[in-house]
Amino acid sequence: MQQKVQGQSVGHLIQGPQFVQGELSDTANAMGFGDLKSPAGLQVLNDYLADKSYIKGYVPSQADVAVFEAVPSPLPADLCHVLCWYNHIKSYEKEKASLPGVKKALGKYGPADVEDTTGSGATDSKDDDDIDLSGSDEEEESEEAKRLREERLAQYESKKAKNPALVSKSSILPDVKPWDDETDMAKLEGVRSIQADGLVWDSSKLVPVGYRIKKLQIQCVVEDDKVGTDMLEEQITVFEDYVQSMDVAAFNKT
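For the sequence shown, the working numbering gives the first residue as -13, with consecutive numbering after it.
No wet-lab data here; the hints were simulated from the structure. Even glycine gets a Cβ: it sits at the ideal position worked out from N, Cα and C. Watch out, some of these pointers could steer you wrong.
Label-pair distances were calculated between CB atoms; the ranges are [claimed, not checked]:
{"hint": "1", "residue 1": "Leu139", "residue 2": "Gln181", "range": "39 to 49 Å"}
{"hint": "2", "residue 1": "Glu220", "residue 2": "Arg138", "range": "50 to 60 Å"}
{"hint": "3", "residue 1": "Lys76", "residue 2": "Glu130", "range": "40 to 50 Å"}
Okay, derived cross-link-like pairs now, DSS-like style, lysine-lysine, Cα gap no bigger than 25 Å in a straight line [what the hints assert, rightly or not]:
{"hint": "4", "residue 1": "Lys191", "residue 2": "Lys23"}
{"hint": "5", "residue 1": "Lys239", "residue 2": "Lys38"}
{"hint": "6", "residue 1": "Lys82", "residue 2": "Lys42"}
{"hint": "7", "residue 1": "Lys239", "residue 2": "Lys42"}
{"hint": "8", "residue 1": "Lys191", "residue 2": "Lys239"}
{"hint": "9", "residue 1": "Lys90", "residue 2": "Lys80"}
{"hint": "10", "residue 1": "Lys200", "residue 2": "Lys212"}
{"hint": "11", "residue 1": "Lys89", "residue 2": "Lys76"}
{"hint": "12", "residue 1": "Lys42", "residue 2": "Lys90"}
{"hint": "13", "residue 1": "Lys76", "residue 2": "Lys239"}
{"hint": "14", "residue 1": "Lys163", "residue 2": "Lys200"}
{"hint": "15", "residue 1": "Lys239", "residue 2": "Lys212"}
{"hint": "16", "residue 1": "Lys23", "residue 2": "Lys38"}
{"hint": "17", "residue 1": "Lys23", "residue 2": "Lys42"}
{"hint": "18", "residue 1": "Lys80", "residue 2": "Lys38"}
Kindly generate the complete structure, drawing on both the sequences and the hints.
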């Protein structure tokens, strides 16, 4: 079913199945999602992201960076939730060092019912979890412990103040429909020539719609303040010799 999204409406990708328990590998990146180098592990991640925009929370963070760096590329086209998330996080390439949070061991992320086999869960960095931002509950606190706590609190506040404001972005999957089965689909790919500040084109594929007609699904990432779906539709339908219409198949907004 196709969904027409006007402006910059918030939406989610098509829901996937429930979590799938994959086999864990001892030689690859075994983690909370299983082995992300295997189809089973990627399926667990795809199911996990079916109702989530990010690995943790509601904004991109170091959790997304940790998992992003473990995911192989290119990704299978049928893993729509992982593909949309991957392209979205990829658009933060220049900003990933400033994303909030502290990058933890991979076994700290993922669905709770998948066994963590990284062996690093118990030895994860204490810098993030053990900072006491509210003060000690003990009646007595040594001078050294007090000094260390205040030092860590100052470092945390300094780092927080230096983080730049995040740019709101969306991952959009337009459906570009031709006039008929005689339309040159290679010409349809010409929509990639559309350029705008805040617009990045990504992967595409042809999807059968019936009567030997195929439509073009082409992924893109946009900065919300600069590019909207109305602008995309206006620019794409300019190719009127080849394009009959454009709909939005998926829209994932920060």
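Hint-by-hint comparison with the structure:
no., hint, result
1, Leu139 <-> Gln181: 39 to 49 Å, "46 Å, holds"
2, Glu220 <-> Arg138: 50 to 60 Å, "52 Å, holds"
3, Lys76 <-> Glu130: 40 to 50 Å, "44 Å, holds"
4, Lys191 <-> Lys23, "23 Å, holds"
5, Lys239 <-> Lys38, "11 Å, holds"
6, Lys82 <-> Lys42, "15 Å, holds"
7, Lys239 <-> Lys42, "15 Å, holds"
8, Lys191 <-> Lys239, "22 Å, holds"
9, Lys90 <-> Lys80, "20 Å, holds"
10, Lys200 <-> Lys212, "30 Å, violated"
11, Lys89 <-> Lys76, "17 Å, holds"
12, Lys42 <-> Lys90, "12 Å, holds"
13, Lys76 <-> Lys239, "14 Å, holds"
14, Lys163 <-> Lys200, "7 Å, holds"
15, Lys239 <-> Lys212, "14 Å, holds"
16, Lys23 <-> Lys38, "21 Å, holds"
17, Lys23 <-> Lys42, "21 Å, holds"
18, Lys80 <-> Lys38, "23 Å, holds"
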